[in-house]
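Novice: Here are the chains, one letter per residue:
There are 4 protein chains.
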Amino acid sequence: MMRFNLSCELGYDLAGDADFLLNVAVVKNAYQRVSEEEFDVEPKVPTQEYVDPQSRSRYLRLHARAGKLNLRYQATVELEHFIADPAAIAEVPVADLPAETFQFLFPSRYCESDLLARMALREFGALPPGHSRVAAICDWVKGHVEYVGGTTTSQTSAYGTATQQVGVCRDFAHLTIAFCRALNIPARYATGYAYGLDPPSDFHAYVEAYLGNRWFTFDPNQMAPRTGVVRVGTGRDAADVSFATIFGPATMSEMKIAVDLAPASDIPRHGAEALANC
Amino acid sequence: MMRFNLSCELGYDLAGDADFLLNVAVVKNAYQRVSEEEFDVEPKVPTQEYVDPQSRSRYLRLHARAGKLNLRYQATVELEHFIADPAAIAEVPVADLPAETFQFLFPSRYCESDLLARMALREFGALPPGHSRVAAICDWVKGHVEYVGGTTTSQTSAYGTATQQVGVCRDFAHLTIAFCRALNIPARYATGYAYGLDPPSDFHAYVEAYLGNRWFTFDPNQMAPRTGVVRVGTGRDAADVSFATIFGPATMSEMKIAVDLAPASDIPRHGAEALANC
Amino acid sequence: MMRFNLSCELGYDLAGDADFLLNVAVVKNAYQRVSEEEFDVEPKVPTQEYVDPQSRSRYLRLHARAGKLNLRYQATVELEHFIADPAAIAEVPVADLPAETFQFLFPSRYCESDLLARMALREFGALPPGHSRVAAICDWVKGHVEYVGGTTTSQTSAYGTATQQVGVCRDFAHLTIAFCRALNIPARYATGYAYGLDPPSDFHAYVEAYLGNRWFTFDPNQMAPRTGVVRVGTGRDAADVSFATIFGPATMSEMKIAVDLAPASDIPRHGAEALANC
Amino acid sequence: MMRFNLSCELGYDLAGDADFLLNVAVVKNAYQRVSEEEFDVEPKVPTQEYVDPQSRSRYLRLHARAGKLNLRYQATVELEHFIADPAAIAEVPVADLPAETFQFLFPSRYCESDLLARMALREFGALPPGHSRVAAICDWVKGHVEYVGGTTTSQTSAYGTATQQVGVCRDFAHLTIAFCRALNIPARYATGYAYGLDPPSDFHAYVEAYLGNRWFTFDPNQMAPRTGVVRVGTGRDAADVSFATIFGPATMSEMKIAVDLAPASDIPRHGAEALANC
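Protein chains in written order, with our numbering: chain A, 1 to 278; chain B, 1 to 278; chain C, 1 to 278; chain D, 1 to 278.
In short, the hints are calculated from the structure, not lab data. Hints are supplied without guarantee of correctness; some may be wrong.
Treat identical chains as interchangeable: a pair holds within one or across any two.
Unchecked claim - The list that follows gives simulated cross-link-like pairs (lysine to any residue, SDA-like), each with its CA atoms no further than 25 angstroms apart:
1. K28 with P98
2. K44 with A15
3. K142 with I89
4. K44 with D96
5. K142 with L261
6. K256 with A18
7. K142 with G125
8. K28 with E78
9. K28 with F124
10. K28 with Y59
11. K68 with I267
Construct all of the structure, not just a fragment, from the sequences and the given hints.
Specialist: Next comes the structure, spelled out in structure tokens:
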């Protein structure tokens, strides 16, 4: 079992009043047990939490006045993945997919699966279906896209990444998702706190694909062990789970993410197991 | 009160087995009362209905064998809109938006509100907020985009329509939605049976924007009276509410939509009232 | 030696006056000897010929009145390619390229070599330079892009084709050109009359790459023998050598291209030789 | 008459050998008389000049070894524009355009006039033709596009600028050119040394449109007086006249452009005259 002390510090300069919709708190479920948790806002303003009934992503909303705004979230989390043998995990025929997964078959802003359908079929259509096929997509993305920070923007989407072949974890995830959807595998975008991320960055972006009867985690980026990623948000793509959607004139002045092992934790390691944490 | 007899006939040739996810049945709620309804599939196969808990859109799923497939939906619907004075309907501050509306603020596959933010602000940012601002967006779209059948494809999105200024009702709706979202007004894509559509076409696409405390209908296309549109599906954009999402080798051989006045119905007329039917 | 009887018939309905810039006449040079040639316009209007000094492409300009317009070009052409051993043909270092070839290194409307640079380097960067590398690019394009008529439009460009992997000869050519330019190989778009085109279509689009000290022809589409293609226009991409650029309200009512063997001609065959005809 | 002392200093770090194609030297013609000129390269390498026969743009080519490379160009230039009354300058009917201008009617990499045709017609189609129409396009671009440094990249094109409405002088020029071409006005991209550029930047990008019987200069950006701009390069768009096209692993370490009034010069002023310098 893994135990992490997590924290996220965000600082903003507000030229006027602004509304924030934050997605920085970890999902609470049987696999992610939060033993301690704190969310501070400076100056103090009321906050309101919304838990999405499907994804259980937690959104914090607040309205802040012009001036400085500092946000700090910290938590201690016990993380235990559902672990399975990849060879035993099948794709689900469309006829048997739960209705809630439909939306994750459709194209979205940053995952234009409709435009990438032929490419997906050509590259992966003949592979045996199952967990291994999604893993093969991840390997392909890792092998074809170069990780270079600062080369892409918040407007970059899978369609561009397929051609331009450069990006960061967000782009790797979007392309993987688009390919999965093009093959009728429900896939969604996930963000989380990743232990041992190298290079250390901010929130990590990865992928969940619906296989067997649950959402399995995949990481086409492979820069951190999957067993060390604590899930925060899941959505159709990055548009849905930005750590901070801001409505108003705000400039970020600080961002600091820390993920440390808590006492008595196992150490996350890279591995090929099938993992799920919901 | 309006009363309509609706029908939709779809014919397909299947070169192999295929799964269908149909969104042709009308939403049932206090404003849309279905007195009779029938769904036939030829050859007979089991169908499964799923009602989206939020939108109440109804999806029919079925698995069909290679060969011919004919689908026929028909219904008699009483339609009564919630009617209000546009001048009395305000935009909702982000801080007060219901959490379920958040997703309709974010960009989606065919409504790239992130890319259209400056254009939206320049054109509509200074207008007084409220129902009239969304109506002004509709007028702008009507005035700047030419209706020409066959000029766009299922891959056309708001970003392209903003520049190329040509399209069909689907494109008018996507562009309107993108502008609304860029102004922090939740907006969603709606499809329906439209009485008096000129030119007669297939399902009509239009827009719902969240104002006051409900989803009001708007029609940038203005080719049919809004009071004569029976709602079928709502989603983030056309990707979510295709009348037929098909997984397998199917070719459409027939499509026929009919919307007739039933006895004792009022006659839908164009008007400037604020309307909602959910 | 090949001898062809060529013809091209074009019919238009003009709703008003229109200017035409036609690029249907074959290039005249030492490799393409025109023994007979005729250009008819009905109704009679004055025409003006312009020969581009670099490409020797021939443009016919005319101004036509509203009504019907019929154009007919026919020619008898002896075609003899410069033939060489592909293994003997090297790429030219940038430092030694003739200045006139520079423009064919730069990205153009339908050949976004800047956006495809990484893909080109990853796929072809490690191949030994020379005629064989361009041939390898052609094979890759043939292998990755599916030929399906009617799937692309006059707005489709190499960037889209790289991802969507479907198109016609025009699209095959654009993608090949973009890859060549990304590797610093000057490449240009060529149109011509192709003997034995299967399926028979209109003008054929192919590629010329500057290697050794001349422009060698390549055909990523491979639907007609290269020895049977009579060159008409060359330019940066399809924008430069449309068979008819029309300024005014014209609708095409007829298009007929014929390419027949003249007496005493050899029969064009597929082969792997390096070919040039300028 | 204007007299300027110009200079351009460029520094590069080369991780390996690289070829440079420089377009930093001013055009020499009757309107731009160069009294002194010097081009230094450190370390010394042979350079080769190529003057494009049509545009008279001057390209310097050199091959440099790994290590540091410093380039310095300086010149003293007398600049005298052809000046005319805008009201007297007509557009040229397509039938009368010189053949060399055709290529500037076609879409290019960064000026997708084909995609912007409807927008151009809607906005400018009804304006009286002539110099004033191109000036109106410039005003529209200035009014709709916000100047913000760092918002666009070398991949940004007119199509994007039309929608995203932000950019730098390069983007203003591309959009203006695309609109002109869509209206059948030949237009090309120009770069130059601009006196009094505010904010001071690097080379200035502006527009030349073919009207009357010559190329008139336009500046949609309006950040420097047109009478104080010394022409360097002209081409179909920025792809053709980059100040440095580099083939090899080079990183720019320095860029300094200076444009000073020489003794006895008039002072450039903003004005509405029609200007040409070729």
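Novice: If a hint holds in the structure, say so; if it does not, say that too.
Specialist: Evaluated hints:
With identical chains, the CA atoms of K28 and P98 are at most 25 angstroms apart both within one copy (22 angstroms) and between copies (22 angstroms). When the C-alpha separation of K44 and A15 is checked against a cutoff of 25 angstroms, the pair qualifies only within one copy, where the shortest distance is 18 angstroms, while the shortest distance between copies is 52 angstroms. In the homo-oligomer, the alpha carbons of K142 and I89 lie at most 25 angstroms apart inside one protomer (22 angstroms), although the nearest pairing across protomers, at 36 angstroms, exceeds that limit. Proximity of K44 to D96 under the C-alpha cut-off of 25 angstroms is restricted to the inter-copy arrangement: shortest distance 19 angstroms between copies versus 48 angstroms within a copy.
When the C-alpha separation of K142 and L261 is checked against a cutoff of 25 angstroms, the pair qualifies neither within a copy, at 27 angstroms, nor between copies, at 52 angstroms. In this homomeric assembly, K256 and A18 come within 25 angstroms of each other (Cα to Cα) only inside a single copy, at 21 angstroms, whereas the closest approach across copies is 40 angstroms. Taking CA atoms no more than 25 angstroms apart as the test, K142 paired with G125 passes in both settings, with 18 angstroms inside one copy and 19 angstroms between copies. Only within a single protomer do K28 and E78 lie at most 25 angstroms apart by alpha-carbon distance; the minimum there is 10 angstroms, versus 44 angstroms between protomers.
Taking CA atoms no more than 25 angstroms apart as the test, K28 paired with F124 passes in neither setting, with 34 angstroms inside one copy and 41 angstroms between copies. Within a single copy, K28 and Y59 get their C-alpha atoms as close as 13 angstroms, which meets the 25 angstroms cut-off; across copies the closest is 31 angstroms, which misses it. In this assembly of identical chains, the alpha carbons of K68 and I267 never lie at most 25 angstroms apart, being 38 angstroms within a copy and 47 angstroms across copies at closest.
Violated hints, listed in ascending order, are 5, 9 and 11; each of the other numbered hints is respected by the structure.
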